[in-house]
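Undergrad: Below, each chain spelled out in residue letters.
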Amino acid sequence: MTTTGEESGQRSDQKLADIVRDADEYYNNLRRKHVSDTRLDVGVVSLVVWFASFAGVGLSALALYGRDIRYVFVSFLVAIVIATAAGLATYTIRRRRGFKFAELGVLLNKMKQGGATSEDGLHLMDAVRQASLVAKKRMMDSAFKYGVVAFAIVALIGLNAAIGALAGVIVYLYFRFEALRGYDKEEKRYEDSKKELLQSL
Amino acid sequence: MERPDLYVLARFLDTLYQNGKRMKKTNLQNRVGLNYPRFIEYLEWMVSHSFVQPETDEGGAELYSLSPQGIDAHRRLVAWIRETMKGMRI
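Quick note, the sequences are listed as chains A and B, same order.
Letter 24 of the first sequence, counting from 1, is numbered 24 in my numbering, and no numbers are missing.
Letter 81 of the second sequence, counting from 1, is numbered 81 in my numbering, and no numbers are missing.
Among the hints, a few may not be true.
[To be verified] Interface residues of chain B toward chain A, partial, derived using beta-carbon atoms under 7 angstroms: (1) P37; (2) T84; (3) M85.
[To be verified] With a Cα cut of at most 25 angstroms, we get these calculated BS3-like pairs of lysine-lysine: (4) B/K86 - A/K137; (5) A/K110 - A/K145; (6) B/K24 - A/K194; (7) A/K33 - B/K86; (8) A/K33 - A/K137; (9) A/K185 - A/K136; (10) A/K112 - B/K25; (11) A/K33 - A/K185; (12) A/K137 - A/K188; (13) B/K24 - A/K188; (14) A/K195 - B/K25.
Simulated from the structure, these hints should not be mistaken for lab results.
Glycine included, C-beta positions come from ideal geometry on N, C-alpha and C.
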């Protein structure tokens, strides 16, 4: 290699090391965010399910068997069991989604141990894109949550469940549309820049 | 070849770049892991784009090494990966 070639090679090596470092940072952020989001989801789901179960079972018991503190206590316990099951189910679902990051972690470890190549860099980029698919799924979940919150607020303020439902659906569709649009835009940007690179080579 | 696979191109560039010196055709084929017809197709593409320079040694064996354009292509590929990854966000 010539001196210019060597300099260019050193820059490539440095950039590859930077890619690994950036991806490692991204992966750690992803894992931390996934853990905190999982905790929040489990907490919110458990609380909402507990409240709904307690209200449902408690009111049914009162209506069927009359005012008796024992039934309220049993309803309280039943609601705790149902809420725990819902929390565990949420945790399992979220954990299963987290495994999609595993490929990125394995690839990063491999690249950190041995010398990174540009082909590894391309694989790493694909793994990051896979991880962003999980993020897209999470944004869709958020759209659903916003829809439920909009339904609850509008139904409570307006004292009309139908208008609340309509508001919920509109909010859900809007955030879902935004999530999908953002993802499609990113996909198009990636495909276009890949084409540009191949043409420029 | 209309549109070469980016992964295969990267493997060619990585192999020749990391080796740093001239390589025999068989050795290069083994390292990039392609079947012979496909390997020749890619090699010809790389030679036609001046990324790889063919030479012949005293014994008449064909040897291949990365040209300055090839090194530049490797650098541009790595720079593109870095920039694209920077643009990817959650």
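Undergrad: Among all the numbered hints in the text so far, which are the ones the structure does not match?
TA: 1, 5, 6, 10, 13, 14
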